[in-house]
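Number of protein chains: 2
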Amino acid sequence: MSKPSLPQGTRDFGADTVRKRNYIFNTIKTVFELYGFEPLETPAMENLDTLMGKYGEEGDKLIFRILDSGNPFSKDFFVSLSEYLKYYSEISKRSLEANDSYDKKPLFEKPLWETNPEIIEAIAKDMQLPTGDRSKYLAKIKHDVSSKALKYDLTIPFARYVAMNHHQLTMPFKRYQIQPVWRADRPQKGRYREFYQCDADVVGSNSLLNEVELATIYATVFEKLGMDVEIKINSRKILAALAEVCGGSEKMVDITVAIDKLEKIGIEKVKEELVQRGLNTEQIAVIEKYLLINGSYDDKLQQIKLLLSESETGKLGIDEIETIVNSQLTAHHSPLTIDFTLARGLNYYTGIIFEVKAKNVQMGSIGGGGRYDDLTGLFGVPNIPGVGISFGVDRIYDVMEELKLFPADVRAGTKLLFFNLGGAESKKAFELMQQLRNKGISCELFHEQAKFDKQFKYAEKKQIPFIVIIGTKELESNSCNIKELESAVQETISFDALLSRFS
Amino acid sequence: MSKPSLPQGTRDFGADTVRKRNYIFNTIKTVFELYGFEPLETPAMENLDTLMGKYGEEGDKLIFRILDSGNPFSKDFFVSLSEYLKYYSEISKRSLEANDSYDKKPLFEKPLWETNPEIIEAIAKDMQLPTGDRSKYLAKIKHDVSSKALKYDLTIPFARYVAMNHHQLTMPFKRYQIQPVWRADRPQKGRYREFYQCDADVVGSNSLLNEVELATIYATVFEKLGMDVEIKINSRKILAALAEVCGGSEKMVDITVAIDKLEKIGIEKVKEELVQRGLNTEQIAVIEKYLLINGSYDDKLQQIKLLLSESETGKLGIDEIETIVNSQLTAHHSPLTIDFTLARGLNYYTGIIFEVKAKNVQMGSIGGGGRYDDLTGLFGVPNIPGVGISFGVDRIYDVMEELKLFPADVRAGTKLLFFNLGGAESKKAFELMQQLRNKGISCELFHEQAKFDKQFKYAEKKQIPFIVIIGTKELESNSCNIKELESAVQETISFDALLSRFS
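Residue numbers (our numbering), protein chains in the order written: chain A, 283 to 785; chain B, 283 to 785.
Extracted from the complex, chain A is given alone in its bound form:
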């Protein structure tokens, strides 16, 4: 029998971790509810078609596919295998021809087509499929043995849900979702194959009120968690306007990619990259001005207005930022920052974008989001705009551990351990415990009559703060001996006093 183990990149969560994680989840959930967001849960599995092609070529490869159940000896399955066989023989042939071995140790001395040309012919004929490239075969084989997959994020299943149910939903539809997702990424420190996402989205509304409320949700949650953070905002429209002013909108990707590296490589290297990407001196000068925008909210807004004065898109973007800045969010000590260098990669955002970073600790972003125009369009239901934010719960957990931010009472296990001193004593203990439990106090009776030392160790290891001893003497006088482990204070009190002390 081999030693049991966990799949790579997955984790068991013991009591302490579950409780701390639930503390984070519950804090976020409570705030979501205060803003009128409602819970949604979607299954772990989605149809492969729902997920494929939604995360780019790299993302598609990281989707965990589920093997179809039932009889794999179906014709479809066999067709896939035939294709595979054909592909393999093709590879072997090319490999031998090129004298460049595809596999270090080929399975056959000679390629199949050479030893058995007829079988290949037979299979090819049966397949009735044109010759294709490797990735096409791969996709077909995978698809034929697998029509379901584990969800890769919460956004696409949410879009699928909205597309399926939009007639019944109350628009604007505000939902939150806290569930695990799976990615076949190479596991490394802080990156897991199964991890939780925690999203809130509003769809069916173009109102900036949503952005204001989502930013407020970020601020409120992190304040409740005791975390000092910076909530960066920018607008994709401002980035688009910058591109417009500097070489046309087709330069947007080049500019965004370079700007995205600012924090890592510094302004001089960014300028070098912009040169390599074909921007001229004049354009780079504008971008440098853009990157050097600084000061208070008002200072920044004044400078950006000047720089992008000629772009209509720019005006729209600046309006978005101003609306959020003019909400209560910019009060003293507000965590909100305008950061025109924020780009949020090359995804589907079209308006305001968010990113949250923890202060006083080295850690990537712990939250992000933004506005998108048409997510459900992917599923045939166009014109439902939306905006959403996401919390990076694993990173938030790590930050809170590092800065010791979890409150002590998160660890709310058993409060009292009753020692087991035999039948009659235990019966009394059980009776008292039921009364305490009715008042919401967690307690346990040690499972067997054992030496004090053993019972004491159990309390210690489980970090139970109080032990209660009821022996023959105590039973007669309707009293018990109670000891607080931390202070080592010990006293004899009546059963009634015990019951009234805890509530």
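I should point out that these hints are in silico values taken from the structure, not numbers from a laboratory. Keep in mind that a hint or two might mislead.
All copies of an identical chain are treated as equivalent in the list; a pair is satisfied when it fits inside any one copy or across any two copies.
To be verified - Think about it this way: if two alpha-carbon atoms lie no more than 25 Å apart in a straight line, the pair counts; the simulated DSS-like pairs of lysine-lysine are:
id: 1; residue 1: 302; residue 2: 641
id: 2; residue 1: 582; residue 2: 709
id: 3; residue 1: 285; residue 2: 639
id: 4; residue 1: 597; residue 2: 571
With the hints as your guide, set chain B onto chain A.
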């Protein structure tokens, strides 16, 4: 673009359902915690080796396997395919020989071995594997393309966890676990491919105190949920003793299988089945006496003692039942019932077994469990006995829906909708909302300035109980108009009065 859909046997849960389900989960969880059980979460994925062979041949087939990521063009994968090919040709050959077509439409006119004997030889040689039967090939193919699977229940992952961590765990280890599991069962009414299990187990203790507490947990949870239930108990030792008395322990399966059908087919048919299973008239007379045991706890215990007086195992089993009966559980109105016909299928239980049924409604068991001797032995760590119970959450949900047992306040969504009447009014509304939210009151501002009718409909559809209107007039007088939708009572109150009314 095809219409989006859900995989067979899976479900989306909207807000109302999530809240009701959480009400059940939280009730159970709170009670588990009161008894000193601690939370555990294990990943959705387990190594295939951890799960295979643990649920019987039928169970193995229902495990959802996950396709390995990375390059499937590995040698291992190809070997599986070769095997498959060989197997297929073997089938075709036999099928043609027997003139009994395995597949309605064979892929090849002639079997492979006939058209291309060499290729089969080459593959067979490469495989270096003896000829095997279908299920072996199937297992090998599946295994080579899949080394992970979705968990099938919570018990085996728990055993795996205990086996991996037993040195660090405080024994007896009391854990609860509320997580989804997956089964490739044919979906039907009330049976899903993804569903939650909700388990509590104690391992590392032989004490019957655990059984007493688990029975109490059942009683407490269902009382809190307002469900009228029957908690049936029996002991596997009593069933073993009955077999001992009637034809020897090798008859236990026959007797148990027949008894298990009592409720469905009645005593006469059970007796017929016992005859068919080779029991003689005398033995069947004893079994009939056993099945007819009736009356109060004491009556039942007296009768069973008489019937099994010659069996040592029987005495042990009766002791177990008596201990539980003599605990506080048998108070007036106790849901506990001794049911000697309870068998709990053919699983790993060795002592007390439990089953819970809802009264006043047609529904299978809504909970079950029992004592097992050596679960972690499967993973190389023997001698850790345990006992556990499980709640059937989907069925509990259905019963509560049918009997309308969910409390009205489960639906705790947005409490107040502020109408949107423009910039200045909304700013005031937002300010008031922040104060209400700080007090834990969920509220929303309609996302855009729209006709009253539209805003009103939103409140209605989302079942928001109060609407608040702040127009120019109200803004000037620091007051608002508040309307309760159900009563249609409307009044104008000051902002301060609004804030103090809700808390």
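Check: At most 25 Å between C-alpha atoms: does residue 302 with residue 641 qualify within a copy, between copies, both, or neither?
Finding: within (20 Å within a copy, 38 Å between copies)
Checklist line | Homo-oligomer pair classification [residue 571, residue 597; C-alpha up to 25 Å] | finding: Classified as within; 18 Å inside a copy, 90 Å across copies.
Margin query: Regarding residue 285 and residue 639, is the shortest C-alpha distance of 25 Å or less found within a copy, between copies, in both, or in neither?
Written below: This pair counts as neither: shortest intra-copy Cα distance 41 Å, inter-copy 39 Å.
Margin query: For residue 582 and residue 709, with the copy left unspecified, which applies at a CA distance of at most 25 Å: within, between, both, or neither?
Written below: between (72 Å within a copy, 24 Å between copies)
The structure fails to meet hint 3 from the earlier list, while all remaining hints are met.
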